[in-house]
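Turn these sequences into a full structure, and let the hints guide you.
If you're matching them up, the sequences are chains C and P in order. Quick note: the first sequence, position 67, residue 67 per our numbering, numbers continuous. Quick note: the second sequence, position 21, residue 93 per our numbering, numbers continuous.
Calculated from the structure, these hints are not laboratory results. This structure is a prediction, so every number in the text was calculated from the model and none was measured. You can take every hint at face value.
A few chain C residues that face chain P, going by a derived Cβ cut-off under 7 angstroms, partial list only: (1) 28; (2) 29; (3) 30; (4) 31; (5) 32; (6) 33; (7) 66; (8) 67; (9) 69; (10) 70.
No farther apart than 30 angstroms at their CA atoms in a straight line, the calculated lysine-lysine pairs in the DSS-like style are these: (11) P/120 with C/52; (12) P/135 with C/46; (13) P/139 with P/96; (14) P/87 with C/24; (15) P/135 with C/67; (16) C/15 with P/135; (17) C/48 with P/139; (18) C/64 with P/136; (19) P/124 with C/46; (20) C/67 with P/139; (21) P/124 with C/15.
Note that CB positions come from ideal geometry on N, CA and C, so glycine has one too.
2 protein chains.
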Amino acid sequence: AILEVNGNLNCRCVKTASDYISPKRYESIEIRPVGSTCRRTEIIIKLKPSGKVCVNPEAPWVKKLLKRIAST
Amino acid sequence: AILEVNGNLNCRCVKTASDYISPKRYESIEIRPVGSTCRRTEIIIKLKPSGKVCVNPEAPWVKKLLKRIAST
Chain C
1 AILEVNGNLN
11 CRCVKTASDY
21 ISPKRYESIE
31 IRPVGSTCRR
41 TEIIIKLKPS
51 GKVCVNPEAP
61 WVKKLLKRIA
71 ST
Chain P
73 AILEVNGNLN
83 CRCVKTASDY
93 ISPKRYESIE
103 IRPVGSTCRR
113 TEIIIKLKPS
123 GKVCVNPEAP
133 WVKKLLKRIA
143 ST
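Given below as structure tokens:
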């Protein structure tokens, strides 16, 4: 994988997807806040039955998803 | 672990904590939306350097945390 040497060594996502993924396919949503070892927020969706995808925190549908979670 | 047989077989959290955990200690926040195999939303915080804790989605500080994530 492409190693980032500017202090982002522990980032999990090398690239992120912006295209919509239906909530029906989610097993879980993992949010990795900006931390010492990764300088950006990362959002990783685990899919049913398997697989993971890094999604772009700036994508409008991702922002809506997080808002909906916060309001339940 | 206590096995729940009312369709919650795949819930990860048997019980949840409501007391505040400082964001400095988070490695990640995992949200498991209500699904076919678990009838309740589960929020699992992975702690630095290790350890996991299930937190109560209804606890005020958890709701604030999710709102803050949604607004970044």
